[in-house]
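Using the hints, position chain B against chain A.
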Amino acid sequence: MDQLPALARVFAYLSLLTIGGGMAAFPEMKVLIVDVHRWLTADSLTHVYATGQMSPGPNMMMVAEVGQLVAGPLGALVCALAFFVPTGILTFLVGRLWKRLEHWPWRDSIQKGLGPVAIGLAVAGLITFGRTAVTGWLTLVVGILTFVAVVRTKINPVFFILGGAVIGFIALR
Amino acid sequence: MSTAQTAAPPPAASRTTVSPLEIFLTFLIIGATSFGGGVVAYLRDALVGKKKWFDDVEFLEMTSISNTLPGLNATNMAILAGDRLAGWPGATGALIGMCLPAFIFMTAAGMVYSESHARPLASAALRGVAAAAVGLIAATWFKIGKKSLHGFYDAFFVMAAILGINYFKWGVPITLLAVGAVAIFTYRPHTVPETSAQKDEDWINSLH
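Taken in order, these protein sequences are the chains called A and B. Residue 1 is where the first sequence starts when you use this note's numbering, and the numbers rise one by one after that. Residue 1 is where the second sequence starts when you use this note's numbering, and the numbers rise one by one after that.
For reference, chain A alone in the conformation it holds in the complex:
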């Protein structure tokens, strides 16, 4: 219970770093959740993030599972609200301003500039995530096969995620 204000603070802060998607915030999330607050181990955080990939809708709702593990259902709710509401209000306001910013020359500059930065941050987050997720040759093979399959085929990626679950269940106990 006494963790609720800290959960709210951490996840509201993390949400502001999700430029281009949730992966950008992962390195900071790992520092705060694993090292600073010691809410989860690095392995548990990797598992929770992986669970988010199986969820319908926004995958970053994994923040609710962190809240649930730390402080029960109320923790889940606090994390979800902290993560989605402040950025939601910002999006709402900018969405309404957008037309008026049409003649503001920096609008295009911001879009062009932040595009590659968002991709770089996502790859950096993925490297951080991969360090705990890829632990041996089998996980490496699963990762590479999934990459090739998703780039080359139009099969819904959730099937590769579930395939990973089956392989893990059999071979990674």
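I should point out that these hints are in silico values taken from the structure, not numbers from a laboratory. Note that the coordinates shown come from a computational prediction; the quantities given were computed from them, not determined experimentally. Just so it is clear, CB atoms sit at the ideal spot from N, CA and C, and this is done for glycine as well. Careful, some of the hints might be misleading.
A partial selection of chain A residues facing chain B, derived with a Cβ cut-off under 7 Å [unchecked claim]:
#1 L17
#2 T18
#3 A42
#4 A50
#5 T87
#6 I167
For chain B alone, kept in the frame of chain A given last:
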């Protein structure tokens, strides 16, 4: 892109009002069925395809706003679409609908994961899922990068962000602010002097 040109002109004025409840239900279905990431593709099918609430031009504009702002594409798109259809009640309904199924799923997953007897089996399965997730996320960004990165500067900023986080250990906020500021400055507006008439017109437009 070709569909964007053939689409009908924006029906902004003639758009029939949509009730917040219908918006909520539409996004609830998307939020419950969009597996495997790539929520934007599901949104396009529903909002442009089935419901015909938006044309491709307006949809593309909303995705570019979503990408520039913090927050996830799925929820940013829900808010922008909901607001355009029915104001703030529409935005709220869309956001809740989009998030509710995932919230229930992830909270339930947390309850299962914290059951001590289930944890070894769940952990084993999740090790496999995490490995597949690395491949999936890498593929997603590989595709985005292939489409949207052009030229030396883009490649430089991608590398700078990666090195800032993983090599120099600047942390996400510093890296974002530093590399972001340099990138925006690099793509700064061309300093073409505007005529005073143009400035007046812009000023008048800004009042509308």
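Hint numbers contradicted by this structure: 3
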